[in-house]
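Following the hints, position chain B against chain A.
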Amino acid sequence: MIQLSKLKPAETLMILEGSKSELKNLMKYTFMDLVLKKVILVKETTLTYKSGRGYREQQSKYIIKGPNFDNYKASSFEEIYLSTFHKSPELKAIFSKLIKVGYEAVVTEKKFRKKIIDNETIAQFFTSSLIYNLFGIVILNSVGYEFKLQLKNKLDDYDSKLSKALVNKNHELALQLLLELGGNVFLLKNIDFELLQAIDISILQSENLKEQFDSNRYDYDSWYYLAYSDTGSFNSSFDSWDDNSSSFDSSYHAAGCSSTDSGCSSGCSGCGGCSGCGGCS
Amino acid sequence: MSFNNEHQILWHSIENFEMDDIESSFSFSDRLSRENDWSMEFCLRAILEYKKFMFLVCISNEPLTPSDEVDQVWHLHLLYTQSYWNEFCDKTMNKQIHHGPTRGKEEQITFKDQYQFTLDFYETIFNLKAPQDIWPQSEKRFKSIHFTRVNKEKNWIIPKLKLRRK
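Quick note, the sequences are listed as chains A and B, same order. Residue numbering for the first sequence is 6 to 286, as defined by the numbering used here. Residue numbering for the second sequence is 68 to 233, as defined by the numbering used here.
Here chain A stands alone, though its shape is the one from the complex (with noise of 0.2 angstroms):
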């Protein structure tokens, strides 16, 4: 059986639930698996904005590419993360915005899964064919259907562990399990998160687990994120996109404009442009 850590959660997710999975999952374990394995970071940052005659203050999440962007191998699904930053790499993307270029550059979830299975790891697993292809049909072939079931009964067995040992406060055992289980711990059900959090940061920078971190690319900050995808704005970053794209270019939010205390009392009426801009002064 192929490791678990070697399977991203997507490809897992794609074996476990078929066109079933949802694009929105999709899309959130592979940006979790891709912020746990440092090819991408998050970082938080205070930004102040005008409002009103006052100032207010907004926590804001920026993604930045990570310690093992240029090393990292991505799958062709991961790209849609990362091709902005191999075009820009200084880029500090919003994390919104970056969401929605993944949603932009996803195009269709029939295309989405298509890449995900296509992928080789896990390509063996699924039957392939025209009309398959064309009507984005999933179906996992004999030995797809057979890694299916030691897949699941594999996750139930390290859900019942894990959640066992954060329980037992045993850390260098869940650790451990986090190690053999890689982005796939999102996928399991009964984990708390909280308690996940609780590891502690000494423990994961001694020196008998630090070798295995480097060489499993994973670092300790990153389990932070871990336990922050399931508490709230990741999450809710990811529903508030799936249900309000559709309406996201609404005419009604790019009506007008409008003038504050000082310039002009009649919002602006476009000005006229110019072809090939004089540069400034």
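The reader is advised that the hints may include incorrect statements.
[Claimed, not checked] Using 35 angstroms as the maximum straight-line C-alpha spacing, the simulated DSBU-like pairs for lysine-lysine come out as follows:
no., chain 1, residue 1, chain 2, residue 2
1, B, K219, A, K43
2, A, K115, B, K219
3, A, K66, A, K97
Please keep in mind that the hints were generated in silico from the structure rather than gathered at the bench.
Chain B alone, transformed into the frame defined by chain A:
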């Protein structure tokens, strides 16, 4: 990058200047994407290039000319007057940078030269070539200028067929 210390500080503050209000459901980059029919990826990259251009303007003794893509970002930013004049020019760059539309054909050669100078200056300062999809070569830069505002509710937009020579 070939920056001195002062440049480093200035670039850092320009780079970190946020044009998107993250609480807004239709932010700067959303509008930029909609008005230019650009993907969000292209918008984010064009905004970064706009910031680089403004940085170059701040440190250059010569007038500079942006690409049309960067110019579109600039136009839109100018509409956000509070953000542009107060937050960006006054507080971030400490310099008021005015936008000067062309006065006609007679200036075209000047702009071509300025644009080429801008590309060269970009390369010198950032130690890399400006990305061609946002900063096309100067021969191309002044050819794609026939833009107009179209109401998509009343009009279809059909691209002209391109005859390609091999």
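Status of each hint after checking the structure:
1. B:K219 <-> A:K43: violated, 43 angstroms
2. A:K115 <-> B:K219: holds, 29 angstroms
3. A:K66 <-> A:K97: holds, 10 angstroms
In this structure, only the earlier hint numbered 1 is contradicted, and the remaining ones agree with it.
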